[in-house]
Amino acid sequence: MEPILQSISLSKRYGRVVALDNANLELYPNEVLGVIGDNGAGKSTLIKALCGAVQPDEGKILLDGNEVNFNSPMEARKVGIETVYQNLALSPALSISDNMFLGREIRQPGIMGDLFRFMDRFKMQKLAREKLSELGLLTIQNINQPVETLSGGQRQGVAVARATTFGTKVIIMDEPTAALGVKESRRVLDLIGEVRAKGIPIILISHNMPHVFEVSDRIHIHRLGKRLCVINPKEYSMSDAVAFMTGAKEPPKQN
Amino acid sequence: MSDISKDLKKQPTFSEDIGEKNQEHHSFEVKDKSILEKIQHFLHGNPTMVPVFILVISVMAFGLVAGDKFFSAFNLSLIIQQVTIVGILAAGQTLIILTAGIDLSIAAIMVLSSVFMGTIAVNLGFPTPLALIVGFIGGASCGALNGLLVTKVKLPPFIVTLGTWSIFFALVIYFSGSQSIRARDIESNAPLLHFFGERINIYGAVFTYGAFLMILIFVVLWFALNRTAWGRHVYAVGDDKEAAELSGIRTDRTLISVYTLAGVICAIGAWVSIGRVGSVSPTSFYEGNLDSITAVVIGGTSLFGGRGSVVGSLFGALIVGVFSSGLSIAGLDVLWQRFALGCLIIVAVAIDQWIRNISA
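Chains as they are written, first to last, in the working numbering: chain A, 1314 to 1568; chain B, 32 to 391.
Warning: the hint list may mix true and false statements.
Okay, derived cross-link-like pairs now, DSS-like style, lysine-lysine, Cα gap no bigger than 30 Å in a straight line [as the list claims (entries may be wrong)]: (1) Lys183(B) <-> Lys1439(A); (2) Lys1361(A) <-> Lys69(B); (3) Lys272(B) <-> Lys1361(A); (4) Lys1496(A) <-> Lys1373(A); (5) Lys1436(A) <-> Lys272(B); (6) Lys69(B) <-> Lys1496(A); (7) Lys185(B) <-> Lys1391(A); (8) Lys1562(A) <-> Lys1547(A); (9) Lys183(B) <-> Lys1391(A); (10) Lys1566(A) <-> Lys1436(A); (11) Lys1373(A) <-> Lys1436(A); (12) Lys183(B) <-> Lys1361(A); (13) Lys185(B) <-> Lys1496(A); (14) Lys1482(A) <-> Lys272(B); (15) Lys272(B) <-> Lys1439(A); (16) Lys1391(A) <-> Lys272(B); (17) Lys1511(A) <-> Lys1566(A); (18) Lys1482(A) <-> Lys1439(A).
Just so you know, the hints here were simulated from the structure itself, not pulled from any lab data.
As the structure is a prediction and not an experimental result, all values here were calculated from the model.
Taking the hints into account, I'd like the entire structure generated from these sequences.
Structure representation (structure tokens):
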């Protein structure tokens, strides 16, 4: 099977520090790929390179088999790589629907939109409501309520819904459960399942081993700037994964 | 292999952790709120209601205390005339404060524009429309300069505009030669500059064209801020600049457009001020910077950015006007007007803080 997103020998140096050392990664269609690694292993540089926030020194990124180069996260978004940042990148005082379309507003047809630049608020609200209900989040009652009145999990839901709205091919989620309580984490993990069921593959970066092991199809273990191994969460335990991550145990041989 | 499967069995799953019954994933907690919390939530959703409330109360209070002298069509319309210039400046100031900035140079830009308009039309004798165009370009350039310094040189808006305030004021003295342009000379050479000072009488209430223009500016800005993508971006940039950037908003462009537009609004204010004052004086409106900030703050716009309404600033300006008029008609000394104004500012910001500390 062709990977949908692939990085080949990515390298990135900051002065003498080698953050990425010929790092490879493959994401296949319809899968959740967990990415774990110790602090400083270079996983966040890898993810930033994939979402356009960092430009690698060497190596290439392939999307659907075609090479892509990003100078900014906006360019990655344009080709369908959406990122749900840890801080969510939402504007707390704006409404749910404003946030979902922030930077990609829909204008009214005709002179009102072309000349006076009026937004089609009705259409935006309708689409926002549709997207949220597709993901089972419609208990957020009022699409016009400010995001700051939502709970942490609901905000995560809005950020994920936004990421799935615009012809998305890949979603990268950075520590989606780090700031959440048990119940809300549960909801977000369900949400990851729902997004995958819609056919959008996900890269999940997390320090939370139980969460990664529960939702991932494969787990990419990053160590010293490169991929150490990819394991199947059904074949290895969390303590094995930690041992690989920290170098306490030899990784399994892979071809 | 056997130890792995044992290990696997030990891994807790979430359903065990918290129990199936507790998993109301979709729940949205609604707890009972006290009356005070309800008020807080209402004001959070409708921040403009605070200044509206204060305005209505103060008009009624002064009406009772000072009687017909205050509560007449003429006096109320006079208040609107008096707040026209500060109101227009406050409209521009609101845009900047919504982006979590502040503009201390706003009145200096206005005076500089009015000096351009007056000097070119009257002293140099060029056609008035040309003088107006130069005045508008001047205002826009001053605003754009502020915007570029804030975004490209990355200086805090307070410092930038503190500096440009002095610079623009010096330019005012340079271009005007410290001389006022007399009302009589404007009237005979460039009557178009007085256009917004024209008055119309509606059942005893006297309005200048400038007052209508001020209202129009607020209406246009309200639509721009609430109904266009640009307006949403202004709020988003002020709310959380980094988040706005990650959402794909070109924050620098938004900020420069805001400062430039504020400069243009200052130029409109310059034209209106020539009509209102009659002459062009290089030393006028020296307190206009702070007066406009006062109106914005009393109008409920947060100095931390991202929250507030341009219409609130109109009410803020009117509240200041009502207090000055009411207190002077009631026979109180000017010092007590300033005293009351100071209290109003502090109360307004305290209410703003309280509303912001909302619990979800």
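Okay, the hints, checked on the actual structure:
1. Lys183(B) <-> Lys1439(A): Distance ~38 Å between Lys183(B) and Lys1439(A) Cα, so the pair is violated.
2. Lys1361(A) <-> Lys69(B): violated (43 Å)
3. Lys272(B) <-> Lys1361(A): Given that 30 Å is the threshold and the Cα spacing comes to 19 Å, the pair holds.
4. Lys1496(A) <-> Lys1373(A): Violated. Lys1496(A) to Lys1373(A) sits at ~39 Å, over the 30 Å cutoff.
5. Lys1436(A) <-> Lys272(B): holds (26 Å)
6. Lys69(B) <-> Lys1496(A): holds (27 Å)
7. Lys185(B) <-> Lys1391(A): holds (28 Å)
8. Lys1562(A) <-> Lys1547(A): holds (18 Å)
9. Lys183(B) <-> Lys1391(A): holds (26 Å)
10. Lys1566(A) <-> Lys1436(A): violated (53 Å)
11. Lys1373(A) <-> Lys1436(A): Not satisfied, since the Cα-Cα distance of roughly 39 Å exceeds 30 Å.
12. Lys183(B) <-> Lys1361(A): holds (25 Å)
13. Lys185(B) <-> Lys1496(A): violated (42 Å)
14. Lys1482(A) <-> Lys272(B): Given pair Lys1482(A), Lys272(B) holds - Cα atoms ~27 Å apart, limit 30 Å.
15. Lys272(B) <-> Lys1439(A): holds (27 Å)
16. Lys1391(A) <-> Lys272(B): holds (21 Å)
17. Lys1511(A) <-> Lys1566(A): violated (33 Å)
18. Lys1482(A) <-> Lys1439(A): holds (23 Å)
Consistency with the previously given hints fails for numbers 1, 2, 4, 10, 11, 13 and 17, ordered from lowest to highest.
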